[in-house]
Structure formats: C-alpha cells, structure tokens
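Turn these sequences into a full structure, and let the hints steer you where they fit.
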Amino acid sequence: PEPQPETQTTSNPPPYQGGAKNNPNSPQQPETKTTSNPPPYQGGARGGLNSLKLPENPIQRLGIIHSFPDWIVELWLEQIGETETEQLCEWFNQSPTIDLRINPLKSSIAQIETAFKSQNISVSRIPNLPQALRLNGSTGAIQNLPGYSEGWWTIQDSSAQLVTHLLDPQPGETIIDACAAPGGKTTHIAELIADTGTIYACDKTANRLKRLKENADRLQMKSIQIHTGDSRHFPEFINLADRVLLDAPCSGLGTLHRRADARWHHTPENIQAQSQLQSELLANSATFVKSGGVLVYATCTIHPLENEQIVRSFLDSNPNWRIEPPTIDLPVQPSPEGWVKLWPHRNQMDGFFMVRFKRN
Numbered sequence: 212p213e214p215q216p217e218t219q220t221t222s223n224p225p226p227y228q229g230g231a232k233n234n235p236n237s238p239q240q241p242e243t244k245t246t247s248n249p250p251p252y253q254g255g256a257r258g259g260l261n262s263l264k265l266p267e268n269p270i271q272r273l274g275i276i277h278s279f280p281d282w283i284v285e286l287w288l289e290q291i292g293e294t295e296t297e298q299l300c301e302w303f304n305q306s307p308t309i310d311l312r313i314n315p316l317k318s319s320i321a322q323i324e325t326a327f328k329s330q331n332i333s334v335s336r337i338p339n340l341p342q343a344l345r346l347n348g349s350t351g352a353i354q355n356l357p358g359y360s361e362g363w364w365t366i367q368d369s370s371a372q373l374v375t376h377l378l379d380p381q382p383g384e385t386i387i388d389a390c391a392a393p394g395g396k397t398t399h400i401a402e403l404i405a406d407t408g409t410i411y412a413c414d415k416t417a418n419r420l421k422r423l424k425e426n427a428d429r430l431q432m433k434s435i436q437i438h439t440g441d442s443r444h445f446p447e448f449i450n451l452a453d454r455v456l457l458d459a460p461c462s463g464l465g466t467l468h469r470r471a472d473a474r475w476h477h478t479p480e481n482i483q484a485q486s487q488l489q490s491e492l493l494a495n496s497a498t499f500v501k502s503g504g505v506l507v508y509a510t511c512t513i514h515p516l517e518n519e520q521i522v523r524s525f526l527d528s529n530p531n532w533r534i535e536p537p538t539i540d541l542p543v544q545p546s547p548e549g550w551v552k553l554w555p556h557r558n559q560m561d562g563f564f565m566v567r568f569k570r571n
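Per this note's numbering, the sequence shown runs over residues 212 to 571.
The reader is advised that the hints may include incorrect statements.
[To be verified] Cross-link-like lysine to aspartate or glutamate pairs, in silico, DMTMM-like; alpha carbons within 25 angstroms at most: (1) K421 to D406; (2) K552 to E295; (3) K569 to D441; (4) K501 to E384; (5) K415 to E480; (6) K328 to E295; (7) K569 to E384; (8) K421 to E447; (9) K433 to E384; (10) K264 to E324; (11) K501 to E491; (12) K501 to E480; (13) K552 to E289; (14) K317 to E267; (15) K569 to E519.
By construction, these hints were calculated from the structure, which means they are not laboratory data.
This is the structure we're talking about:
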C-alpha cells in the first residue's frame, strides 16, 4: 500500500549497520512524523569518509557511503548495476516529494493552480498524469493548503496514481479494492467512475479503514462500501467484480525515502514470508473477478520476489489468466512481459510495480 505523507522522517538515514542485515533483533530507530520535509542527506563520503579507505567490494562500499544494508545493495546491483544503484541510494537519501491528485468531481488542475498561485505556492504538472500536481518547496501544514477541506484534492504519489489508471475503472461497474486502507487508490477509483457504481473497500485493519472513511467523507464519495476482514476469506465476493485492485502489503523498498530507518527493519527472511502472503492474496483476489474481468496487482517495492516472481507463479497456476499490456500513457516502457516497474531515480517518483491481468 502507498505510504502516507505524515510518515516522512525528520532525520537522516541511520548509520550503516552491515552486520545487522540478517538480524531481525537489531536495534530499530524510532520513526518520527512531520508535515515538513527532512534536510537532504549529505552522504557519508561528505561526512568524513573521504579520509578512510573504503572497501573495493561495491556492496560494502555503497552500503557504507549511503547507509544501506548489504543485502539491499546487492539486490539492486543484480538488477540495475553499480552506477544506477548509487543513483538509487542517493535518491532514497533525499527529501521526499509531495504530489497531489486533483478530484475532478470537485475541481480542476487549472483551478488548483490558480488557488495555489494566489498564495505563492509553487506547483508543477506531471507528464502522463492528468490529475497530478507536484508541490515545489516548502508549503507548511498540508491541511491549511487551498482546497483541502473542500475535497478538491488529496495527497498521493504519482506512481500510486498510475496504478488506478492502469485498472481503468468505468462508471457503473462493481469494483473491489482488496487491500484498500488507507484509501488513496479507493477514492481515486471513485473519482474515475464519477462516484457511480459500487466499490467494496476491504482491509483487515479497522483503524486504517477509519482513515479511509475520513478520506471518503472529505471527498464526499458515496460509492464506497467498507468491509473489515482478510481478503483471503471473502467467499461472498466470488465472481462479483468487473475489476479488482490488489495493492498488496509489501516491504516498501520503493519508498525508503519516506521512512529512512525502514531499510534496517527488513531481512531476506521476512520478505520471503511477505511473498507467501502476497501469493495467497493474489490467488484469492482473482476469484472475485467475473469472466472477462480485470485484476491489477501492485506493490510499492522493487524486489523481484514480491513482484515478477509472484506474477510468474500466478500465471503458471492459472492458465485462464493472461497479462494485458497497458493502454495508458506511461512514463516508462512496460517490460516485454507486459508489467510496469518504476525506478525512483529514473522516473522521479516512488518505486512501484504494477501489472494488469485479464480473465479469459
């Protein structure tokens, strides 16, 4: 699920803990919450490491310089090589951006731009995203910005907005958001279907669903029905939906700039366990889709075990499903297989994976 803006950290990434990479009991840094961005991380090499002899091994060297566990650095090196891994580490040590998603049922991009300009707040449009604006520089408290209380917009990173466009919900449809809280994509679905039809928003965490209801009320959405429970156990939804979105629980390795200490909380072992849960959720969510319907699987991680391997395993076990290549404008070319993987340093947005399946 997408990270929330209030989880932006005020501190620089904690120091390199190479030995902690396989120790789930290693000390964890407390997370702090703020509405302002943290100062850019200056990097270990500018903090006195120049005088030290760094390891020649790129895994250890990049881990020390940029404060990442060895296993994460190795994971990225295998996928994108040393130069891009360093760029990715640098991205994750910078202040997060804040993107807005304009509610077309209440406002327009032009109206929001005018309102923000009147208060000397700088925003910029984002290519390929018709509802998105990016805040430039300091803005103060989010809830005090023009149009917040009126429901003109909500905070949602660009990559998360792309997920709902990939789902491409249509007015009047029955749609299930299988892991909905805190509701960013749920309310986006409601906007795209003009708040007509039915959206079943499911999550097993009641407190997080409360946040979803607050967002839906602020945006004045009527099409959303909230269900508390585990999406592995909703037999009443079988063959019910035209479209299903599974924004699966994940390691969040695509959003490490929003929670700097999260890099030290994960191990290869707990990601393996996470992958098992994702597979179960995908298999069960697929049963909710009518014949000829659409299922979108998405995560905010860039770990193949939680993404590509999940997709391949699902297709191997479900011959009545196929990948449907995106028909929307994207900031990145889909893979030859048809899925979309967003790398933060390449695309200037949160790291995300998304794929659209069609039931035969």
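- Ascending list of hint numbers which this structure does not respect: 6, 10, 12, 14
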